[in-house]
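*Asks:* Chains Y and F, in that order, are what the protein sequence lines are. Letter 181 of the first sequence, counting from 1, is numbered 181 in the working numbering, and no numbers are missing. Letter 604 of the second sequence, counting from 1, is numbered 933 in the working numbering, and no numbers are missing.
The hints are simulated quantities; they were obtained by calculation from the structure and are not laboratory data. Hints may be right or wrong, so weigh each one.
Label pairs and their computed distance ranges (CB to CB) [said to hold, decoys possible]:
id	chain 1	residue 1	chain 2	residue 2	range
1	F	Glu409	Y	Lys294	44 to 50 Å
2	F	Leu408	Y	Ser193	38 to 44 Å
3	F	Gln989	Y	Pro326	33 to 39 Å
4	Y	Tyr62	F	Gly458	37 to 43 Å
5	F	Ile653	Y	Pro4	44 to 50 Å
6	F	Arg491	Y	Pro326	47 to 53 Å
7	F	Leu874	Y	Arg84	32 to 38 Å
8	F	Asp446	Y	Lys27	52 to 58 Å
Some chain F residues close to chain Y (C-beta under 7 Å, calculated; not the full set) [as the list claims (entries may be wrong)]:
id	residue
9	Glu492
10	Lys914
11	Glu975
We put the CB at the ideal spot given by N, CA and C, even for glycine.
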Amino acid sequence: MLLPSITYRQPATTGELLDLLQEFGDKAAVIAGGSDLIVQLKNNTASVSHLIDLGAVQELNYIQYDRQEGLKIGAATTLLEIIRNKTIKEHYPALVQAADAVGAFQHQAMGTIGGNLCLNTRCWYFNQSASWRKSRETCFKMGGNKCHAMPKSPNCHASYCGDTAGMLIAYGATVTLEKKGSSRTINLEELYSGDGKAPHRLQPGEILTEIRVPAPEPEQRSIYLKLRQRNAIDFPEVGVALNTVWNGKGCSKLRLVLTAVAPRPVVVTEAEAIVRTRGWDAGIEAEISEAALKAGKPVPNMAGSVSYRKKMLGMMTQQAIDAVNPAKQ
Amino acid sequence: MPELSKSILVMEPGAPLIHEEWVHNSQKAKIYGKDEEKVANNVSAFFRKEFGNAEQGFAQADYIREDTFRTQSIGHAPLEPHAAIGQWDPSGKVTVWSNTQIPFYLRRNLAITLDMDESKIRVIKPYVGGGFGGKLELFAKDFCAAWLAMKTGRPVKIVYTREESLTNTRGRHPATITLKSGVKKDGRYTAQQFHMILDGGAYNSTAPIVVILAGYFSSLPYLIPNLKFDAYHVYTNKQINGALRGHGVPQVKFAAEVQLDKIATELGIDPVDIRLINALKTGVDHPAKMTFKSCGFSETIANCAKLSNWKAIRGHQENKQGDIVRGIGMGCSGMFSGVNNLAQAGAGAIVKIDRDCAVTLLSGAADIGQGAESVLAQIVAEELGVELEDIRVTAGDTELTPHDIGTFASGVTFRAGNAALLAARDAKNKIHKAVAKKLGVAVEDLVAKHRKIYVKDNPEKELSFEKAVWAVQYSGENMPVVGSGYFRIPVKDMTSLRAEGDGDISAAYSFGSQVAEVEVNKRTGEVKIIRVTTSHDAGVPLNPLTVEGQVEGAIACGLGQVLYEDFEWDRTTGQAKAATFMDYKMMTSTDIPEMLLDHVITHDPVGPFGAKECGEGATAFTIPAVVNAIYDAVGIWIHELPVTPEKVLKALEEKGKNEQGGNV
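Required output: the full structure, derived from the provided sequences and hints.
*Replies:* Spelled out as structure tokens, the structure:
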């Protein structure tokens with residue numbers, strides 16, 4: 001499989017980048033690490049005539065921390081830089097876990113946080129070469145009328161599988177989206193549409209430039225757990241991101257976000273509400289697991305049977321709660 | 330598993346015929362699960378290996394059991410995909426560069442398909458990035474590169490994509506094996522009966538060979554007095570299966586080795602001890618007249634048990650507490666060092682030494698990354714008494730190098746190595762004749778070592794290798810010094826794969842034992858491999874580094890099959906959903922455990938400098954070793970590959986239910 005014929009531009013500043021994005025519109029794709037885009041170009045699941053390389057835009061590569069403001073990360077910062085950053089490890093250790101869960105070392109060295117957040121949704125029937133996909137009806141995600149993973153469904157069920165999004169959402173992250181002439185900041189979870197076909201709510205010419213994470217609260221305890229078969233390369237079959245705050249009586253705040261079980265990261269709002277309204281008591285962990293099981297709906301579009309992934313989802317939620325519970329250490 | 334149940338269903342009378350025009354579509358066969366023989370459809374090859382009297386053997390048994398096992402298809406996944414370049418010469422000759430394991434067979438098959446003389450076809454094998462059995466046939470790219478080059482007059486290069494290489498060439502035969510074994514109460518086998526169905530896919534590929542190899546190695550490495558082995562190779566409408574590292578033996582050993590552990594467990598015998606009781610030994614009188622001129626199997630069992638700390642871990646309850654528990658299990662096998670009975674199963678070699686005193690070896694052997702050329706060079710250097718770096722190897726070129734059948738059945742070191750040894754000896758004799766004359770001694774008095782040829786009892790009387798070569802030249806003898814050798818095991822019928830009846834299928838058999846130590850997570854069902862310990866009798870490991878590489882590679886292959894690898898066939902289109910290295914899950918460097926290797930040296934009398942095979946034997950140990958270790962850890966038996974966490978959890982649940990219900 002060969003790459004299509006493409007022109008290549010390498011802007012040096014964010015300003016130049018936004019100009020190019022406006023100029024080329026959807027004829028261009030942005031490339032940073034390229035670990036997803038290059039594969040899609042070879043598979044003909046992405047079709048662009050221009051590539052805009054972020055590699056030279058230094059002003060999008062930074063990690064800043066401040067006790068009041070919290071964490072600011074440029075979208076073109078590599079996952080490896082995040083993994084190796086001592087400040088992030090100290091204040092947001094589960095973000096390091098999540099970044100380190102991505103792929104293999106090579107993906108972490110080349111891949112960026114922005115790229116991971118903007119990762120395209122995945123499915124067995126989508127992430128295949130053109131000749132493979134030719135053997136069957138065109139699916140919704142490729143502009144056709146069928147979902148091969150869920151044949152009776154009228155929607156696309158491709159799953160969001162980026163490891164860092166869930167954890168950042170659990171930490172309450174916001175993202176800045178810029179296009180030429182404007183900038184807006186939204187909660188990270190609002191970036192995701194829930195539509196497997198067009199998973200990110202990005203306007204034409206818009207790009208994610210910065211991620212901000214609020215300063216950690218006292219007694220904040222967090223964890224990222226990933227269900228995978230091998231120790232490297234594999235995307236999550238289930239991802240559980242948990243952020244909690246504790247006081248003398250137990251957990252006072254909880255945010256639980258699931259990955260690989262929907263076309264978007266799933267915020268388990270019911271779990272949040274249970275903790276907020278009832279406080280911590282015996283049996284609450286089982287209810288939180290139940291809430292996770294209700295919220296997460298894995299579909300048969302990847303390795304790992306649906307029943308096993310569901311089982312593990314419940315178990316991993318329980319495991320995550322135990323791991324952050326100071327009483328259980 | 331749809332693909333496997335299909336291979337049984339297609340045998341049923343009335344099933345659709347995969348090849349309607351094929352005359353021998355039906356065959357009297359015993360279909361799994363049914364006792365009577367009936368006419369079965371879509372059987373492309375059948376083999377029966379029988380010796381002694383199985384019925385009588387079972388009658389003598391104190392304990393009999395029957396189990397069924399199922400294995401899945403896996404892919405070779407060599408780093409380099411299949412490729413070929415064709416070039417046409419106006420003189421009427423075509424040259425094909427192919428990353429093939431079989432340059433000479435490829436030439437023959439190109440001659441047939443292009444309708445040309447073999448003498449007008451040249452096949453050159455460049456460096457190859459792995460084959461594992463997946464590159465030992467003529468593929469469309471070989472034919473098309475040649476034919477299109479002829480038609481266009483331009484060189485043509487065809488490279489398969491990774492997807493094509495992984496899912497559209499060959500795979501390992503999935504197999505369903507029903508095994509019935511009888512033993513005495515001390516654990517000694519009295520009889521075995523195998524019924525094996527191999528899913529061959531849409532075409533024949535290596536069908537007649539795989540059923541024979543499985544048959545011959547079903548009983549090894551144990552002395553089975555009575556055997557009945559039946560194997561059916563069946564057509565189905567999907568991926569073609571062919572030779573993959575072990576070629577039928579890993580499947581049958583999975584069944585035999587796991588069942589042996591079940592027998593040991595039932596009888597209260599340690600799995601190490603039951604293997605020692607049944608082990609084949611050097612020179613044993615075999616009921617089917619197989620000869621074991623070197624066999625260190627018992628030593629491999631003992632060494633492996635010791636190195637892996639077997640006694641301290643096996644069955645010990647303190648390892649079984651908590652959610653994550655450890656266990657240890659053993660798997661053993663024997664393997665062929667080349668196959669005797671294939672047509673043209675020989676090798677030639679030429680050793681040429683000219684005035685520059687560098688040694689050239691011409692060999693038809695096909696190094697596909699296993700290091701064959703290094704070992705051949707070592708053999709020649711050892712025989713001539715020079716250093717490894719003095720040898721230049723030209724190999725795998727049908728126009729320049731002598732004939733060799735190719736790299737498969739673990740025969741290269743044994744066959745091509747012996748040919749190289751004979752050629753080196755022939756050259757050495759010519760040189761030593763001239764040296765003896767010059768030094769005034771007898772040829773028998775000369776020793777060659779470290780680039781010197783000297784008199785045994787008077788080492789100061791010596792000539793350097795260079796001066797020795799020039800001695801040939803200046804004595805008026807022909808230059809260059811050319812030694813030639815040819816090696817092939819004598820067989821009754823040279824033109825076919827005659828495998829019925831008694832006798833050897835190979836001139837030497839390797840043996841080995843392996844212990845896997847695993848960790849099972851009882852809540853998730855995940856199995857992690859902690860350590861794999863191997864003790865291997867490869868005769869003499871001529872190149873310990875490449876032997877280690879082979880064993881470790883074989884372990885990675887076995888671990889991948891037992892835990893992860895699955896093409897995830899789509900039921901409606903027969904496509905592999907796991908069609909890329911992202912989804913087809915092979916072991917990564919982060920999954921590979923600690924591996925220990927012990928050599929048992931047995932000096933085979935026929936192998937070159939005592940060497941036997943080491944490339945395929947180890948693939949048959951690992952799967953049963955892991956499955957047996959899982960039993961030790963959590964008390965469940967898995968009969969179907971791959972061992973997914975879901976299967977482990979399901980078996981644990983079943984076990985829990987049985988124990989609660991009073992059934993132990």
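*Asks:* Now tell me if each hint is right for this structure.
*Replies:* Now the hints, each set against the structure:
1. F:Glu409 x Y:Lys294: 44 to 50 Å: Holds, at about 48 Å.
2. F:Leu408 x Y:Ser193: 38 to 44 Å: The hinted range 38 to 44 Å holds for Leu408 (chain F) and Ser193 (chain Y), with Cβ atoms some 40 Å apart.
3. F:Gln989 x Y:Pro326: 33 to 39 Å: For Pro326 (chain Y) against Gln989 (chain F), whose Cβ atoms are near 36 Å apart, the range 33 to 39 Å holds.
4. Y:Tyr62 x F:Gly458: 37 to 43 Å: 41 Å, holds
5. F:Ile653 x Y:Pro4: 44 to 50 Å: Holds, since Ile653 (chain F) and Pro4 (chain Y) (Cβ atoms, about 48 Å apart) stay within the stated range.
6. F:Arg491 x Y:Pro326: 47 to 53 Å: Given a distance of about 49 Å, which is inside 47 to 53 Å, the answer is holds.
7. F:Leu874 x Y:Arg84: 32 to 38 Å: 35 Å, holds
8. F:Asp446 x Y:Lys27: 52 to 58 Å: 56 Å, holds
9. Glu492: Holds, because the Cβ-Cβ distance from Glu492 (chain F) to chain Y comes to roughly 6 Å (cut-off 7 Å).
10. Lys914: Cβ of Lys914 (chain F) sits 6 Å from chain Y, so the hint holds.
11. Glu975: 4 Å, holds
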